[in-house]
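4 protein chains.
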Amino acid sequence: MQSPKVFETPSESSSHLAAHHLSTWQDDENSHPVWPRPEGQRMQKVLNPMATARPRMNFLNPNEKVMGSVLLNDSKAAMRSHALDGGGIRGNACKFIWWEPNTVKAALVTCGGLCPGLNSIIQGVTNCLWRDYGVRQIIGVTAGYNGLTNPSENEWIELNPELVSEIHMKGGSVLKAGRGGFDASAICDTLRAHGINMLFVIGGDGTQFAGHLLYEEARKRKLDVSIVGVPKSIDNDVLFVDKTFGFDSAVEAAAGVIRNGWVEATSCAKAVSIVKLMGRDAGFVAAHASLASNLVDLCLVPEVDVELDDIFSYVDATLERKGHMVIVVAEGAGQRHVSTGKKDASGHTVYGDVGVFLRDTLNKYLKAKGGRTFYIDPSYIIRSVPITPNDHIYCARLANNAVHTAMRGNTGVCVGAVHNIIIILKSKLIASGKKQLKIKSSTWQTCVQNCTMPDKLSGMHQADQKGYAQAE
Amino acid sequence: MQSPKVFETPSESSSHLAAHHLSTWQDDENSHPVWPRPEGQRMQKVLNPMATARPRMNFLNPNEKVMGSVLLNDSKAAMRSHALDGGGIRGNACKFIWWEPNTVKAALVTCGGLCPGLNSIIQGVTNCLWRDYGVRQIIGVTAGYNGLTNPSENEWIELNPELVSEIHMKGGSVLKAGRGGFDASAICDTLRAHGINMLFVIGGDGTQFAGHLLYEEARKRKLDVSIVGVPKSIDNDVLFVDKTFGFDSAVEAAAGVIRNGWVEATSCAKAVSIVKLMGRDAGFVAAHASLASNLVDLCLVPEVDVELDDIFSYVDATLERKGHMVIVVAEGAGQRHVSTGKKDASGHTVYGDVGVFLRDTLNKYLKAKGGRTFYIDPSYIIRSVPITPNDHIYCARLANNAVHTAMRGNTGVCVGAVHNIIIILKSKLIASGKKQLKIKSSTWQTCVQNCTMPDKLSGMHQADQKGYAQAE
Amino acid sequence: MQSPKVFETPSESSSHLAAHHLSTWQDDENSHPVWPRPEGQRMQKVLNPMATARPRMNFLNPNEKVMGSVLLNDSKAAMRSHALDGGGIRGNACKFIWWEPNTVKAALVTCGGLCPGLNSIIQGVTNCLWRDYGVRQIIGVTAGYNGLTNPSENEWIELNPELVSEIHMKGGSVLKAGRGGFDASAICDTLRAHGINMLFVIGGDGTQFAGHLLYEEARKRKLDVSIVGVPKSIDNDVLFVDKTFGFDSAVEAAAGVIRNGWVEATSCAKAVSIVKLMGRDAGFVAAHASLASNLVDLCLVPEVDVELDDIFSYVDATLERKGHMVIVVAEGAGQRHVSTGKKDASGHTVYGDVGVFLRDTLNKYLKAKGGRTFYIDPSYIIRSVPITPNDHIYCARLANNAVHTAMRGNTGVCVGAVHNIIIILKSKLIASGKKQLKIKSSTWQTCVQNCTMPDKLSGMHQADQKGYAQAE
Amino acid sequence: MQSPKVFETPSESSSHLAAHHLSTWQDDENSHPVWPRPEGQRMQKVLNPMATARPRMNFLNPNEKVMGSVLLNDSKAAMRSHALDGGGIRGNACKFIWWEPNTVKAALVTCGGLCPGLNSIIQGVTNCLWRDYGVRQIIGVTAGYNGLTNPSENEWIELNPELVSEIHMKGGSVLKAGRGGFDASAICDTLRAHGINMLFVIGGDGTQFAGHLLYEEARKRKLDVSIVGVPKSIDNDVLFVDKTFGFDSAVEAAAGVIRNGWVEATSCAKAVSIVKLMGRDAGFVAAHASLASNLVDLCLVPEVDVELDDIFSYVDATLERKGHMVIVVAEGAGQRHVSTGKKDASGHTVYGDVGVFLRDTLNKYLKAKGGRTFYIDPSYIIRSVPITPNDHIYCARLANNAVHTAMRGNTGVCVGAVHNIIIILKSKLIASGKKQLKIKSSTWQTCVQNCTMPDKLSGMHQADQKGYAQAE
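Residue numbers (full-length UniProt numbering), protein chains in the order written: chain L, 1 to 472; chain P, 1 to 472; chain H, 1 to 472; chain E, 1 to 472.
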């Protein structure tokens with residue numbers, strides 16, 4: 001499913017989540033065992049079993065919020081999104097929760113393509129449910145939403161700590177990723193039929209938008225289910241959050257491939273290495289990997305429109321100056337030059353292969369000058385890498401807080417880091433668009449200077465962008 | 001040099017840096033060429049050459065600040081440090097700077113032991129000075145402060161982009177690390193004699209405290225020199241900043257070694273693998289590497305005092321349950337059990353080897369039960385690893401902003417990330433103590449649960465700590 | 001169990017294995033179904049099921065031999081061992097085998113400490129038995145010989161291709177290594193009781209000597225069991241064979257650690273890095289890792305006796321010349337200087353820690369000169385690494401041929417590579433001593449020159465050695 | 001330059017190299033200083049300086065030979081090549097050499113594409129010449145033969161140990177690889193003009209054939225120059241030698257990529273991962289990487305002709321059985337299906353892209369069944385990897401022995417390992433064809449069984465091949 005691509009600021013915020021709590025659709029307040037009653041509302045009524053197991057543990061004030069902006073005298077104030085101006089509710093374990101853990105039956109579904117860290121998320125959700133809350137019914141749904149829409153055709157896996165204990169050391173997903181297959185009504189039927197009252201949804205903006213639709217359907221039906229998403233995007237193009245899980249691992253792998261390209265370029269006269277990286281709409285992987293490798297001369301991203309002649313001039317100048325050159329190109333860059341005019345079944349534009357185009361165009365251009373290109377398209381080599389240790393910690397934090405959030409009774413929400421603190425965001429908000437690299441952000445400006453790219457290739461001549469997030 | 005270890009909140013803040021700007025000790029306002037004059041003060045008077053080179057580049061509002069706290073309804077408010085309550089001045093390139101770049105002669109010194117990322121910092125400072133500001137006199141001082149106190153005995157290296165272009169791919173430091181040798185007066189003489197007016201100081205809290213003393217000496221002498229530090233600590237025990245450079249690389253390497261220990265433990269009956277990691281006063285490396293590897297049963301850190309009998313009981317229970325066990329121990333943990341009673345030349349306590357102690361104690365304890373330990377002390381294997389790609393980006397950000405800060409005319413300050421934004425902090429503040437792992441932080445509590453450690457080994461029974469930083 | 005250390009040439013050869021075939025102790029030639037009868041003898045009577053499955057497959061001439069020496073005009077002829085002068089029977093699949101596969105019940109035992117490749121051997125033996133011969137009873141014995149002597153105390157594992165399909169990607173041993181516990185009589189009882197007629201023994205020279213004793217006991221009892229060993233030694237000190245499995249992986253890991261030491265040494269003034277590597281009696285790991293890293297100045301091995309004063313002089317000279325130094329020391333080197341005078345329970349000499357001795361001795365020596373050491377003891381970090389891809393191929397070849405050899409009805413033998421071809425060697429021969437690095441071999445002489453070690457530290461002044469193998 | 005592809009056994013051998021020694025074209029035996037004169041011939045007349053530096057060093061008997069065959073009762077005797085029946089002269093340092101080292105001016109040229117280990121060879125040749133023989137004039141020629149044919153257009157580099165000390169840790173070639181540009185006459189002019197009397201030629205069969213032509217030209221002109229080749233082929237398709245340098249590194253890298261493909265395949269329903277690997281005419285990389293990874297279901301190599309329908313059937317069966325599949329395809333496999341009918345400038349057939357063909361063909365075939373492919377073409381990622389430690393040792397051995405061989409006065413020859421001993425082979429012999437994977441070799445048969453490939457895809461139904469080398 002494709003999210004409605006609104007590259008602007010949404011009208012909603014995440015500073016109040018009342019509508020996203022199961023208590024709001026309860027007619028009968030006794031439908032859940034209530035103890036001890038907080039003043040004037042029915043939230044957080046069950047004592048967290050961790051409070052019994054570890055009496056001196058620190059629990060979060062459930063109303064703790066994280067501010068959206070942390071800047072004073074902000075030089076980019078006019079360009080920023082206001083969606084988080086009211087702050088966001090902090091995730092984390094609370095002393096009183098909504099669900100009686102022994103009544104919980106949880107399910108977990110991973111949608112879309114591979115991204116490093118899926119197994120870490122699966123492991124983290126399983127461990128937190130089992131170990132911290134004592135939940136013993138945890139279902140791994142295979143093949144994405146298909147597995148919920150048509151459970152009879154896609155076998156489910158019973159998850160437990162033993163089964164997931166070593167999976168974080170391997171790339172991929174033990175639940176097998178799957179695209180499409182979303183049907184809110186059929187899925188609600190499945191959830192009710194199997195008594196599933198907690199659903200963890202790992203996937204991109206489309207998946208989270210589907211999560212939102214599912215929340216709406218459940219709400220309509222008064223079907224008590226906590227639907228909590230963990231946004232996934234190897235491109236790092238999820239709105240509002242600091243970064244997506246797996247992004248750092250992808251950058252690390254991509255930087256390694258750039259190094260390969262650089263070795264090739266420096267080992268042949270007049271050689272231009274071209275490395276195609278992920279990034280359909282956003283150049284984060286390309287820009288970060290360029291910065292990380294410190295070996296790149298030109299970084300082409302979807303956000304910056306460039307002319308071929310400007311590339312040619314810069315290639316000439318770079319070969320003249322250094323004798324070799326390294327170009328990184330995001331898959332979504334320069335689509336104007338390679339447009340296919342096609343859409344795939346789910347409505348996504350079919351992109352032309354800008355890497356191959358650049359290879360062929362430059363080979364032709366360089367032939368007379370005695371130069372040539374070396375083209376590398378690492379593709380699945382990057383998508384399938386094991387998560388890096390630090391990125392695994394991030395996955396585990398997201399997974400734990402997704403569980404804590406579901407246990408609190410929230411639904412129709414996602415978890416994500418803002419200022420490196422995990423907050424709870426409405427899935428609708430997450431799904432309202434895609435994040436892009438900002439031309440005037442430090443990241444891009446540093447990338448431009450690091451590559452010593454000329455202004456014409458830097459995008460700095462383009463019009464100002466709106467919608468800057470917290471501290472770009 | 002050892003910093004004054006005050007593990008409490010200092011009285012100073014970094015929200016105003018007037019005293020830490022070269023303009024404040026100018027008697028003659030014409031001593032620097034001034035253009036265009038900002039209202040009522042002499043700061044930021046030279047046009048940044050980047051503004052000419054890239055006219056559409058975005059520059060920072062020089063008064064932009066980052067808030068210290070980003071939480072509302074903060075559950076740990078009473079325990080937090082207030083040092084950053086006034087916020088911190090954001091680092092970054094400004095349109096108007098203090099120094100005329102062609103008058104700048106910069107020097108860079110790296111002090112203390114090895115830490116991943118030193119070469120990235122050296123490269124970043126060199127590149128930013130040379131490429132962005134056009135500075136052509138950049139000196140690499142060898143052997144730490146010794147090289148400034150006794151320049152005749154320690155050869156200096158002329159740094160330039162060509163020389164540093166590939167050094168980030170290698171661990172260690174091309175400037176050779178060096179301990180001791182600090183003499184504020186002698187160093188001021190050296191700076192004056194060689195016309196050095198910009199000094200970058202990379203090192204730990206002791207090094208930054210020395211940087212503060214140097215700043216005071218220069219101020220007393222009205223010696224115009226911008227002294228800017230980049231705090232270094234592989235232990236990650238630097239106050240106020242999110243994390244130190246090189247820390248993530250150390251954690252990644254440490255997690256790999258833990259995996260080795262786990263392989264050993266799982267390949268022998270009743271085996272206990274013990275991995276000793278860095279951490280004299282703070283258990284960050286131990287805790288993060290434990291979380292990252294997800295294979296650890298017991299994590300011992302300096303912040304938590306434990307009894308041997310509690311360890312024995314837990315070892316018995318773990319071997320009974322799983323048949324093997326992995327213990328991570330920070331070098332500064334359990335010093336009560338291995339006290340040497342000695343101090344080294346610079347006044348640091350000589351620590352007993354808790355790893356060897358634990359190995360021998362457990363071997364003795366387990367012998368009768370048919371068990372044994374496998375001990376790994378990776379030591380310099382971790383200190384010497386190349387920086388990881390993402391950590392390199394962080395190093396480059398710190399290096400760039402150290403240069404921008406010096407160019408603005410600030411002095412006696414360090415750069416560091418707060419809420420993932422680089423700010424300028426007084427060196428005195430950085431040197432006022434050491435950060436420690438907080439028992440009630442999410443990091444430690446998650447580590448305790450992840451390892452399934454019993455309460456007695458978790459420290460949760462210990463008294464509450466004060467001095468929590470921004471968002472622990 | 002310790003092998004009888006005879007560092008000389010044994011009187012036996014492996015060119016005839018009649019006594020090591022199960023046919024030789026058959027009184028009743030009908031005790032095995034015989035078809036089709038080869039002329040005049042009872043060997044190779046069952047059609048290999050592979051011949052049916054793959055009719056055009058190439059099978060080995062069962063009498064194919066590999067020559068011991070491949071040199072003409074051999075300059076070291078007088079120094080060589082003559083044990084393989086008669087050549088060795090080549091291993092590999094034969095068209096006719098001894099065992100009816102559906103009557104085979106196989107067991108596999110791994111003894112001694114960890115070595116890279118154990119899981120590859122376990123996987124290879126399992127896969128070849130199951131997939132190529134259709135054997136369906138394959139037992140993994142845990143805890144080494146203990147698991148056969150006392151099966152009631154050490155649970156066995158049923159092995160099959162599914163179970164072992166991914167284990168080669170992980171270090172260690174899924175069967176858990178185990179020392180001691182050998183009792184030939186009790187093991188024969190176990191084999192008979194459980195109907196085990198094929199036993200694969202992975203372990204060092206002591207383990208293979210025990211395998212030989214077991215063969216003798218079985219022969220005495222006329223207990224039909226094919227006992228086939230795969231010699232294991234991370235030190236590579238197994239007589240006659242080109243190299244042991246896991247050795248290349250250990251060298252690769254060791255070379256990486258040496259690089260760490262070199263980074264440290266080059267990042268500090270007057271620094272001497274010391275890396276202790278495996279090698280109780282033989283310096284193969286130390287020498288190969290020194291050659292592989294190309295960063296070592298001094299390589300100390302058990303085979304060469306050196307004086308401390310000669311080390312001191314060379315350290316001085318090297319620091320004077322380069323400013324830093326890297327020393328590699330095998331754990332068994334210089335034992336004269338660190339003798340403990342102790343023996344362990346199984347009779348092995350307890351070695352003094354030459355690495356710590358060298359560290360302390362050099363630190364003391366260098367202190368006055370302003371130098372210092374950095375000491376790295378990677379220990380289990382190397383033993384636990386996953387096998388490298390090429391080494392895995394070698395493991396799989398050994399495992400396959402161990403199975404083929406057992407299927408042919410041989411017993412009391414090992415498999416090993418000579419001139420890179422797998423041959424069958426009597427276990428008694430393998431256990432007759434330990435291989436050492438030869439002073440006049442190309443390997444050592446190249447190592448000496450590569451490190452530019454002075455003659456006094458090279459051992460070239462020592463008396464000539466005897467017992468050179470095939471082509472050293 | 002393309003070698004004459006004769007896939008049969010050449011008429012020449014390497015057991016006598018008289019014609020390949022500089023003494024044979026000397027009219028005036030006093031043209032070289034002779035001391036001490038060996039009986040009856042002019043070879044080996046100068047005392048090796050190593051004999052003075054290390055008096056107890058072991059030198060090789062210059063007539064030592066390595067036998068071609070080491071098998072008795074060889075089951076494949078009829079299929080083997082007889083080129084090495086007379087054995088090969090062993091390489092290595094001799095006590096008496098031909099060249100007076102202080103008169104030597106050496107040059108080194110690397111031709112063709114990148115291959116791991118080039119820098120190790122450059123380093124090894126430089127170090128051995130400089131350190132062991134005291135040669136001080138060592139020229140690194142850039143851009144392959146172009147640099148010798150047109151030295152004015154391709155700058156030469158002066159090589160010395162300092163310059164090459166760290167290059168083995170990096171992939172690529174510091175001399176930049178280069179194709180074409182061979183002109184025997186022009187090169188002889190260049191050698192004479194610059195006084196170069198020793199030339200090391202690193203490159204494939206075409207490069208070595210050119211080396212042979214150069215030898216003939218020099219011989220005709222009586223130009224004293226020792227031309228010694230080190231055969232290079234990442235495909236490992238060099239005749240007669242055990243394996244090429246860099247091959248193991250390529251296999252290791254390829255096995256890693258296969259693992260990526262396997263992760264992808266196992267993380268998606270009905271997924272077929274396709275990994276394209278090197279191998280224009282020979283499937284060694286594909287087969288070895290398949291064996292090394294142990295994760296492959298189908299390995300397609302140039303030596304085996306297969307039908308698409310057989311692939312389809314096997315894909316169906318494999319997906320049915322396992323749910324996923326991994327295919328490895330060598331770039332030269334299945335060219336019948338993708339023939340371009342084109343030749344490039346140097347006469348090489350332009351190959352169709354069998355990887356892309358297979359991807360598209362299978363995607364089309366699988367679409368209706370709900371399956372799909374994941375395609376990985378690692379290309380330059382493999383060519384640019386740093387050499388592995390063990391492979392570096394092999395490179396250093398080849399490099400050292402190339403120097404020893406040149407110092408002995410041989411010319412028009414290559415060095416290569418046979419039975420893991422370095423011998424000297426005529427370049428003409430090396431260039432007489434290309435090695436291919438043999439269908440009946442253990443390597444391929446084991447690969448077929450390991451992948452459980454059906455007979456029709458295994459090639460076992462094809463006619464028998466001739467030309468087996470030593471011990472395949």
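It should be emphasised that the hints constitute simulated quantities derived from the structure, not laboratory data.
All of these numbers come straight from a predicted model, not from anything done at the bench.
Be a bit skeptical, because a hint or two may be false.
Identical copies look the same in the list; a pair holds intra-copy or inter-copy alike.
Stated by the list, open to error - Straight-line C-alpha distance at most 25 Å; calculated PhoX-like pairs for lysine-lysine: (1) K95 <-> K456; (2) K76 <-> K367; (3) K95 <-> K220; (4) K343 <-> K456; (5) K434 <-> K343; (6) K367 <-> K105; (7) K343 <-> K367; (8) K364 <-> K456; (9) K76 <-> K105.
message: Going through the numbered hints above, which ones does this structure break? Give me the numbers in ascending order.
response: Checked against the structure, the hints that fail are numbers 2, 3, 4, 6, 9, while the rest are satisfied.
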